[in-house]
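Colleague: In case you want the letters, here they are:
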Amino acid sequence: MEILRISRDVYGREVLQGISLDLFWVFLAAGIAFVCVHALYRWLFAPKR
Amino acid sequence: MNSTTTAGAPERASSRIERHALIDRLFHWITAATVLVLLATAFLPTFGVQFAWVTPHWIAGLVLIAAILFHVVRAPFAQSLRSMWIGARDIRDLLAIARFNLRLTGEPPPKPGKYSLAQKLIHHLFALVLLTAAVTGGLMMVRMDTPWWRRNPYWLADSTWGVIYVLHGLAALLLVTMIIAHVYFALRPEKLLFTRSMIRGWITREEYERHHDPERWRVSE
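From first to last, the protein sequence lines stand for chains L and B. Using the working numbering, you'd call the opening residue of the first sequence number 20 and step up by one each time. Using the working numbering, you'd call the opening residue of the second sequence number 766 and step up by one each time.
Just to be clear, a hint being listed does not mean it is correct.
[Claimed, not checked] Here are the computed distance ranges between Cβ atoms for each label pair:
#, chain 1, residue 1, chain 2, residue 2, range
1, L, G31, B, R961, 39 to 49 Å
2, B, T820, L, Y30, 47 to 57 Å
3, B, I856, L, G31, 22 to 32 Å
4, L, L40, B, A863, 48 to 58 Å
[To be verified] Which stretches of chain L does chain B cover? Using the computed rule of at least three CB atoms under 8 Å from a CB of chain B, they are:
#, segment
5, 29-37
6, 48-54
For the record, the hints were derived by calculation from the structure and aren't laboratory data. By construction, the Cβ of each residue, glycine as well, lies at the ideal position given by its N, Cα and C atoms.
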């Protein structure tokens with residue numbers, strides 16, 4: 020999976036086009052993973068107040 | 766400062782404490798709506814949902830920039846900056862929370878003032894990411910035709926535009942993760958009072974006494 024989108028200009032030089040939008044799924048998964056881990060922790064392990 | 770009891774019948778006035786003024790709630794929900802429109806118009810076309818996304822994207826962006834400017838100008842005068850400041854006491858709270866959650870002590874951590882350390886951190890993180898998205902988005906508008914100016918793609922060097930695009934995209938991706946976490950905490954049963962206060966403006970006096978240290982968040986009787 021690429022992190023940056025890079026193209027070449029008419030002179031053959033690399034031009035930064037932006038961040039790879041394939042990373043959307045990585046950030047989405049990170050959010051869902053955080054929610055799952057926190058919910059499980061609070062449900063199973065966190066001390067009761 | 767908006768930490769006053771709400772007006773109304775005497776019994777209501779004594780049992781409800783205003784946590785968010787109407788203008789602050791409007792700012793929150795306008796920001797939320799514009800960010801959702803911006804994310805939808807940014808990402809849906811990349812998933813094959815084709816529509817004319819550019820115009821709603823930049824219009825939502827301008828509304829977001831206006832909302833942020835309004836908040837940046839208003840907040841220092843109308844709200845208590847101290848309530849959002851992260852100080853040494855917050856660090857001590859963090860250590861107490863860690864000790865309690867690691868079961869190193871049975872003593873519950875101290876109650877926060879108006880905002881907990883977690884709430885301050887998520888506010889500051891949203892501020893950083895939204896400002897990045899707004900500034901880079903504003904610069905990117907130079908490259909498109911609007912009712913006010915003609916596009917100028919040569920205003921900055923290609924390499925500079927590349928960095929701006931990367932920062933704009935990174936801010937958008939971070940917002941995806943942050944919104945998931947923000948909505949999750951807003952929907953947790955023990956946090957619903959804060960969600961209600963962002964909708965209706967108030968918490969009850971019982972909730973205030975249970976969740977806040979009156980010395981750190983003083984409200985009128």
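Colleague: Next, verify each hint and record whether it holds.
Modeller: Going down the list of hints, with the structure as the test:
1. G31(L) to R961(B): 39 to 49 Å: Violated, at about 59 Å.
2. T820(B) to Y30(L): 47 to 57 Å: The hinted range 47 to 57 Å is violated for T820(B) and Y30(L), with Cβ atoms some 33 Å apart.
3. I856(B) to G31(L): 22 to 32 Å: violated (52 Å)
4. L40(L) to A863(B): 48 to 58 Å: violated (36 Å)
5. 29-37: Our answer is that it holds, as 4 residues pass the Cβ test (under 8 Å) against chain B, meeting three.
6. 48-54: holds (count 5)
Hints 1, 2, 3, 4, counting from the list given before, are not met by this structure.
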